[in-house]
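Undergrad: Residue numbers (this note's numbering), protein chains in the order written: chain A, 85 to 342; chain B, 95 to 388.
For the record, the hints were derived by calculation from the structure and aren't laboratory data. In this text, all values refer to a predicted model and were calculated from it rather than measured experimentally. Cβ atoms here follow ideal geometry from the backbone N, Cα and C, with glycine treated the same way. Mixed in with the good hints, there may be bad ones.
To be verified - Some chain A residues flagged as far from chain B (calculated, every beta-carbon gap over 12 Å): (1) Arg136; (2) Lys159; (3) Tyr162; (4) Ser167; (5) Glu170; (6) Glu191; (7) Phe195; (8) Ala271; (9) Met297; (10) Ala298; (11) Lys332.
Stated by the list, open to error - Derived list of chain A stretches under chain B, where covered just means 3 residues or more per stretch with a C-beta under 8 Å from a C-beta of chain B: (12) 102-111; (13) 172-178.
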Amino acid sequence: MSETQKYSLETNRLNLWYGNFQALINVSLKIKHGIITGLIGPSGCGKSTLLRCFNRVNERYGNVTTTGEIKILDKNIYDPDVSLTELRKAVGMVFQRPNPLPISVYENIVFGMRVHSERKALKKSQLDEIVEKSLQEVFLWKDLKDKLHTKAISLQLEQQQKLCIARLLPLKPEVILMDEPCSALDAEATRGIEELMFSLAGRYTIVIVTHNMAQARRVSNECIFMLLGELMEHSPTVDMFLTPTNPKTAEYIEGRYG
Amino acid sequence: MFIETPLVQKKKRTEAAAKIVFMLMTILMILPLLLILAYLLYKAFPILSLDFFITNPKNGMRAGGIWAPFLGTMYLVVISLLISAPIGVLAAVYLNEYAGDNWFTRIINLAVVNLAGVPSIVHALFGLGAFVLFAGMGRSILAASLTLAIMTLPVIIASTKESLAAVPRAFREACWNVGATRWQTIRHIVLPNSISGILTGVILQVSRTAGETAPVMFTGVVFFKKISEGDIFAYNLFDQCMALSMHLFTISTQVPDVPKALPYGTAVVLLGTVLLVNALSITLRVYLRARKKW
Numbered sequence: 085m086s087e088t089q090k091y092s093l094e095t096n097r098l099n100l101w102y103g104n105f106q107a108l109i110n111v112s113l114k115i116k117h118g119i120i121t122g123l124i125g126p127s128g129c130g131k132s133t134l135l136r137c138f139n140r141v142n143e144r145y146g147n148v149t150t151t152g153e154i155k156i157l158d159k160n161i162y163d164p165d166v167s168l169t170e171l172r173k174a175v176g177m178v179f180q181r182p183n184p185l186p187i188s189v190y191e192n193i194v195f196g197m198r199v200h201s202e203r204k205a206l207k208k209s210q211l212d213e214i215v216e217k218s219l220q221e222v223f224l225w226k227d228l229k230d231k232l233h234t235k236a237i238s239l240q241l242e243q244q245q246k247l248c249i250a251r252l253l254p255l256k257p258e259v260i261l262m263d264e265p266c267s268a269l270d271a272e273a274t275r276g277i278e279e280l281m282f283s284l285a286g287r288y289t290i291v292i293v294t295h296n297m298a299q300a301r302r303v304s305n306e307c308i309f310m311l312l313g314e315l316m317e318h319s320p321t322v323d324m325f326l327t328p329t330n331p332k333t334a335e336y337i338e339g340r341y342g
Numbered sequence: 095m096f097i098e099t100p101l102v103q104k105k106k107r108t109e110a111a112a113k114i115v116f117m118l119m120t121i122l123m124i125l126p127l128l129l130i131l132a133y134l135l136y137k138a139f140p141i142l143s144l145d146f147f148i149t150n151p152k153n154g155m156r157a158g159g160i161w162a163p164f165l166g167t168m169y170l171v172v173i174s175l176l177i178s179a180p181i182g183v184l185a186a187v188y189l190n191e192y193a194g195d196n197w198f199t200r201i202i203n204l205a206v207v208n209l210a211g212v213p214s215i216v217h218a219l220f221g222l223g224a225f226v227l228f229a230g231m232g233r234s235i236l237a238a239s240l241t242l243a244i245m246t247l248p249v250i251i252a253s254t255k256e257s258l259a260a261v262p263r264a265f266r267e268a269c270w271n272v273g274a275t276r277w278q279t280i281r282h283i284v285l286p287n288s289i290s291g292i293l294t295g296v297i298l299q300v301s302r303t304a305g306e307t308a309p310v311m312f313t314g315v316v317f318f319k320k321i322s323e324g325d326i327f328a329y330n331l332f333d334q335c336m337a338l339s340m341h342l343f344t345i346s347t348q349v350p351d352v353p354k355a356l357p358y359g360t361a362v363v364l365l366g367t368v369l370l371v372n373a374l375s376i377t378l379r380v381y382l383r384a385r386k387k388w
């Protein structure tokens, strides 16, 4: 990775309104390539909104107005020549509840390839290879290699969530967004997903929204604390949890509110 | 300890009474249906045969079978659904998947719901004005089918929209976030998972179109028409035709001295066709349901 591409993701004075309600206020941040960034803050502070801005999927949810800039790999994604489908290829999202598509494990993984290719362009052998590679990357290959053609919906939740991550990988994303990816999972499954995140970090830039302070502390390299639509503090996780600069951050981390 | 108090005993009596009342109502509802069916079959039994299907009414409709009206109804049902199903389903896809939520789409949705409640005689007058007279189709199978199509369209749109809305949003989110277009989302995920509901909604309209009399008697259905027996291509699009519903009305009320079995036989065929189609739609639904799971 060259010096100029050190940041995967930058926002510059980003403002966002739902109708008349301003949900994001002047958010400027820079996220380094290949690290895990935690987005924390009390409910309604705009963390999920911010996350959904990064692949502009917000715009599918109705009356949204945005000003400011978001740069992914140095390209402003609000430029008029940006193709949303190409953008979402580069910036994938994982949700709170695992949402595998109601098709087979195999088809879930190649779904992204299929929607981004001409119908005839994909060869079976090539797809098989992609499926194996993606499943290996998320540690599911051993468990699922004989179940490739079962319905993805019938898997255990942890496997489903890993599959949802695996589904993004064939598209070679720059950024993976995770919106509370473990909140529907038990402790064991959470550990599984976290280990997976560590192994994906480096190759992919991960931004994770979490309500769980302990999780933010465990998994993230840097943390962003948001409050009422504003970015309050952005610092290395170690610093934020030991010596927060903003008194609001300190109070939140200590559990005084939230 | 744990003994039935008078209050508990009273509650138990109420409970038992409530159960009986509800059960009685259910029986009361089913019983007439079964009785009608049994009575019709009993009265129609002497006349039901293959011959009854494939001969035209004869002797001023006092004898013969129901070939012309039966075939006419088939034409009307099939042609009207061929028109209304594609338009209705595609319009519903647009309204549910593409159109945003603004005053204009809200008016359209309101209009759809209200149109579904318009009495069929009003559709008949519209069909007469628009297709028979204005468009110059004359009283014909085409004009009658178009009128029926207009009548079923809002119901098909409403039922299709419901089926589409039942597909969980999470599936759509999953698609958007790998960069699928709306059409790809619809084509690969939404339609395959709602097709059973959509088809059921469409097929249920068969019974409605087959049973309606008013919209077709102004626009293309006649009292009597002789066609070649056993030939399923006996009508063409611009012919007038007979229809079962109208035929039943005619032989029960307009023609004197009709043998009693004739109207009953006609009713059984009409009912049987509808039941057959409904059974088909349920089978299809069960089959398609079994293929999807979430």
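Undergrad: It remains to establish, for every hint, whether it holds in the given structure.
TA: Structure-based check of each hint:
no., hint, result
1, Arg136, "9 Å, violated"
2, Lys159, "16 Å, holds"
3, Tyr162, "17 Å, holds"
4, Ser167, "9 Å, violated"
5, Glu170, "7 Å, violated"
6, Glu191, "9 Å, violated"
7, Phe195, "6 Å, violated"
8, Ala271, "24 Å, holds"
9, Met297, "27 Å, holds"
10, Ala298, "27 Å, holds"
11, Lys332, "32 Å, holds"
12, 102-111, "violated (count 0)"
13, 172-178, "holds (count 4)"
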